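Q: In case you want the letters, here they are:
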Amino acid sequence: MTIISEIVANYNQWITIFLMVSGLYIVVARGNMVKKLVGLSLFQTSVYLLYTSPGKILGGTPPILDPDFTVYSNPLPHVLILTAIVVGVATLALGLALVVRINEEYGTIEEDEIFPEKDGE
Amino acid sequence: MKLDLILRITAKLMLPFMLMFAFYVQFHADYGPGGGFQAGIIAAAMVILYGIIFGLPAAQKVVPARLAEFMVPLGVVIFAGVGAIAMLMGGEFLNYSVLLSDSVRGQLIGILLVEIGVLVTVSGTMIAIFYTFAGRGRG
Amino acid sequence: MVLLTLMAAVTVGVVRQRNLFGVVILGGIYSFMMASVLMVLDAVDVAMTEASVGAGISTVLMLSVLYLTKSRESVPHHTPLLPLVVSVITAGVLVYGTLDLPPFGAADNPVHLNTAPRYLEKSIEETGVPNVVTSVLSSYRGYDTLGETTVVFTAGIGVLLLLRGRRRKRKARPARPERGSAK
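If you read the sequences in order, they're chains A, B and C.
When we follow our numbering, the leftmost residue of the first sequence carries the number 1, and every step to the right adds one.
When we follow our numbering, the leftmost residue of the second sequence carries the number 1001, and every step to the right adds one.
When we follow our numbering, the leftmost residue of the third sequence carries the number 2001, and every step to the right adds one.
The following block holds chain A by itself, in its conformation from the complex (with noise of 0.2 Å):
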């Protein structure tokens, strides 16, 4: 019984934790820069997770006042949050901009087809 209430109040982070693995699995192990770049995404979406969750009040409404209601979740994560969604678009198209340019220069985007041409000078 302990366990089953422990798995449901953690459910969030778990998955929080999968995502942010798997996306840090994806960085690591595979060499095409576009889903590296996927990878990273997925990395900080999990991020955006492990922010708001914590800021979930149960039985709260979303932080716009209103005087039927009094509980209210955490709006700072949200603002947070807000920011980094937006920080992460222009830096995911800073990425793809560098893709591109790797792509022209060497005609691959492939790290394990970039770098032997580099070993072989």
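Honestly, I wouldn't trust all of these hints.
One-sided and incomplete, this derived list gives chain B residues near chain A with beta-carbon spacing under 10 Å [to be verified]:
{"id": "1", "residue": "TYR1031"}
{"id": "2", "residue": "GLY1035"}
{"id": "3", "residue": "PHE1037"}
{"id": "4", "residue": "GLN1060"}
{"id": "5", "residue": "PRO1064"}
If you are wondering where the hints come from, they were derived from the structure by calculation, not from laboratory data.
These figures come from a predicted structure and were not determined experimentally.
Here a beta-carbon is modelled for each residue, glycine too, at the ideal position from N, C-alpha and C.
Once you've looked at the hints, dock chains B and C against the given chain A.
A: Just chains B and C now, with coordinates in the frame of chain A:
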């Protein structure tokens, strides 16, 4: 092509509503979810949709690339300018309470201006990035 | 909870799929699900941003890059054993860390006792804005947002600088391009 026709007409029908929605999100941010970021992204998405369906030159006729690039620094200037004006009027940097004699109204005005600054930068950046990616041939 | 499980399933799909087009589309689905989860967690503003940014703009940018490059991922030469071990160890440490966290959704968690009540109480009085996220974003934490706008500006400038220059013909020069001759 038939599919093309459906896409074009649907897009034409949707575009004004997308723009309306962007402005609704922008100016209704005080009372509902939304704000400069979201509105900027939605407005940029409208231009991008137009560009995808009708081609890049058509989109660039609506929003010239020069304008989009001009919007990128303009938003930052608006934002920092509001902060600087607040400082000139005797408050701290970005303290909007001093903008008007009534501090609450000053805050409202300050928030509105700042959100406009964010809108301008975000939408300008997204459109400019889309133009640069789309304007490049296959490598 | 169902949504979270679905999200995990989509993530597995993203990890295993080698067709990058499929990966990008799965990423869009993932973003929409993330937005729904955020909605359930009361973060309406964040959900809206995630739906428009993650599912909209990111997908478009990714697709345009795939058009410029190629949409097939090659099989990696080395075994994925080491990254797998690293990931599993990281996950183990993090899960161990969650066991000490305060319970989910309780109103007296330390997170809710610090500055948030101040924002919730004073927002109407001080700024006249009922949406606390907006007032905190642009008034109380104006510096953060200014810095964030600057980051977007910088990223935009960076992309323009990287991709604006006239495209050079790759075929017209020897296989190994000289760095110094760039531009």
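Q: Against the structure shown, which of the earlier numbered hints fail to hold, in ascending order?
A: 4 and 5
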